[in-house]
Amino acid sequence: MIPSVTTTTRVRTPALGQRPGAGRPDDGRPPDRGEPPPPSPRTYRLGMIFALAGISMLFLGFTSAYVVRQGLGGDWQPFDWPPVLWVNTVVLLTSSATLWRAGVCFHHTHWRAFARWTTVTSLLGLGFLAGQLWVWHQLRMRGIYLNTNPNSSFFYLLTGTHGVHLAGGIVALLWLSILAWRLVRPTEATSATIARCRIAVDVTSLYWHFLDGLWIFLVLLLFLWR
Amino acid sequence: MTDAVTTHHPPSSFIRRYIFSTDHKIIGIQYLMLALVAVLIGIVLSLYMRLRLAWPTETWPLLSKLFPEGMANGTMTPEFYLSLMTMHGTIMVFFVLTTAPMGGFGNYFLPIQIGARDMAFPVLNMLSFWVTLASFLVMLAALVVEGGAPISGWTAYAPLSAIGEVAGPGLGMGQNLWIISIALFCLASLLSALNFITTTINLRTKGMSLSRLPLTVWAWFTTAVLALLAFPVLLAGGILLLLDRIGGTSFFVPAGMVVSDKIIPHKGGSPLLWQHLFWFFGHPEVYIAILPGMGLTSQLLSTFARKPVFGYRAMCLAIFAIGLLGFLVWGHHMFISGMSPYSSIAFSLLTLSIGVPSAIKTFNWLATLWGGKIRFTTPMLFAIGFVSLFVSGGLSGLVLGQPALDLYFHDTYFVVAHFHLIMGVAAIFGIFAGVYYWFPKMFGRMMSEGLGKIHFWLTFIGVYAIFVPMHIMGIVGHPRRYAESIGYDFLKPIMPIHEFITYAAIFTAAVQLLFLFNIVWSLAKGQKASVNPWEATTLEWTVPSPPPHDNFGHTDPLVYHGPYEYSVPGAEKDFIMQTEAPART
Ligand code: HEM
Ligand SMILES: [Cu+2]
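So the sequence lines, in the order shown, correspond to chains B and W. Okay, so the first sequence: first residue is 1 according to our numbering, each after it adds one. Okay, so the second sequence: first residue is 1001 according to our numbering, each after it adds one.
Next up, chain B with everything else stripped away, as it sits in the complex (with noise of 0.2 Å):
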């Protein structure tokens, strides 16, 4: 009849510590620390992986249009590509290694290695860009422009688009290197720089290497689905 007696009999109270339950680590400090809690890397994980599932939304989007643009068939014309297009795919998978590298001398504390390794990464990120800009321009010599016919439109929207976010990378992995280069003559701030590079390393590589699985996806979808 009365609901509420079923409810309140389950009606637990346990002690603190026992169900921590909550997301917030215990960090063994007591609850009164006067100070906000440090910024947590899990944070920023998080929040990375949920921007790259938004991300993947929206090339979801993109993916099932041209599914279905190409299935209307008639105008959709293949065309070839580039061979610039292969050298620039090596040089991004090779980007990928490069920031993995970064990782680790960071994790070994090797500074100077985590700057090198990082520069690195951004220099062949901005080759990578520099190289997509390159097929666009050698497409237009050839005559095939965004609206020649809906197989170009979808290859300059998803390269376009690719090469949008990963300029945001590039932006992230330059400020990384800024950062690492820091690290390299200790100063009294190395501490905090350290700190926050840890989590930038952690939030960039998520989302570089993301891209450069992007990129694979793409360039077979644009490859074997013409």
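Keep in mind that the hints were calculated from the coordinates and are not lab data. Idealized CB from N, CA, C, for every residue including glycine. Just so you know, not all the hints are guaranteed correct.
Said to hold, decoys possible - To spell it out: a stretch of chain W is covered by chain B in this simulated footprint if at least three of its residues, at any positions, have a beta carbon under 8 Å from a beta carbon of chain B; those stretches are:
(1) 1183-1196
(2) 1247-1259
(3) 1271-1283
With chain B fixed as given, assemble chain W with the ligands onto it according to the hints.
Coordinates of chain W with the ligands only, in the frame set by chain B:
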């Protein structure tokens, strides 16, 4: 990059503190004010439309001065009617129903209810608001550019929206602005969604386990997940649409189309592709608008019936189920698009199955009320009104969800009646409930209960008077998005209904002045609010009204109880705060 938490003390300069603030509470209020401006504009636009519908041949010399183009001879051109309709729908759906429940109340109360000092990413949060505001301004700009606002509806169906000015006024610059505004809105919503999700997962205070989260938090969380997955798809569609318009591509424009005696130089695209992309977003969007209201309703029914919410776990599962199913039913907006009957059946069955979790929620709400010591406060009345509207609007959903019936009802006033009751008004009632409930916490003063109750009853009667007759017009076959209400002979006999609806609309709009007055009056003269005026249990009622900059001062709250411990046998009061420490034995 910025720190994941705000500084401990409020910034001292006015600008940093109240304008470019990273405090989730200020941002919440900014969103609410944006929504308030938007809803006022939205209402005015709808009243103009109602005048045209009820008295199509009447001339309004005064209005023609205001809109020299759209109302040239004192009567509204059909095109102007359509652009008003587009702006009305867009503003209401995006800038009212999406911003107020989520950006407004969600921002203000989610962190407090989980015991956090702020959102996970305060700067991102500020950015979300300012991008939303920019988006709103771009949208409004569409009203004043040459050609005016687009006439393609809030769904911006291609090819009408894709081919530019040849297809009608407002489809040039106006439509471009519309798309840009929506793209900005998508970005802002994405940023805000990932902030909500991360905050809920990561910043709960000690003891705030998942099963102790208030249902409002579950609702905001699910809403954020929907937003995160749905808005990017609209963004994708928007980019394609913009490219069709300015890049010469042919994603949505079919080959060989002739418009106004001109051949459109696109080829081979599919207008249905736009519909798929749009509704893949569009259906989840209607849940983005309503889920926070559902969460709040659960909260309020429990609080004011002084009883635990009936079936906490079932309520959570129902929210998730609605969210999940919401992504699988978009085809029910496209039954007449010529889709295969097999797809129709699949979409239909999935659509009707949303009735199950919806019914679970409804029955649990009723069970929560059953046998309770109900306190009929204004927020409670609006929560009960929400249930009522959700049921009356949901029933027509079950009608529309059947392809055989929808073939007839699609694009008639029956659909208008359905979605206004269930999405428009129900969500608005959720917002009203939120304002009356949380106003004391946000501004430290109670709102006038007397005025509030009058406001409730008149609004409640008003909205039913507006939207119930629309079902009849739909059954008669009155087309929707159509200015000529006497354009066909068979429509002439129902002109009295049109007039009645317009009177009801004017009445209901006027009643809202009471609400505005109540807000202003209460801000200045309202009775001072105590910490916990409603005797509720959740964390926002443990902090001062209004809460200080860092919500809980120097101490993080500790949570020992679930959110709905009302009338616990043996307890000294009829409610136990979530933070109340258990007696030592
Ligand atoms: C039992 C649950 C529901 C069912 C079965 C249902 C079914 C439908 C169907 C079949 C349509 C398409 C009608 C047509 O265009 O011919 C529709 C339209 C619509 N529904 Fe629902 N619905 C339900 C719940 C909701 C909820 C909860 C909301 C909002 C919070 C909502 C908002 C809308 C809107 C805005 C439209 C019109 C969109 C437009 O064409 O502009 N519905 N509904
Ligand atoms: Cu729908």
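Tested hints:
no.: 1; hint: 1183-1196; in the structure: holds (count 4)
no.: 2; hint: 1247-1259; in the structure: holds (count 6)
no.: 3; hint: 1271-1283; in the structure: holds (count 4)
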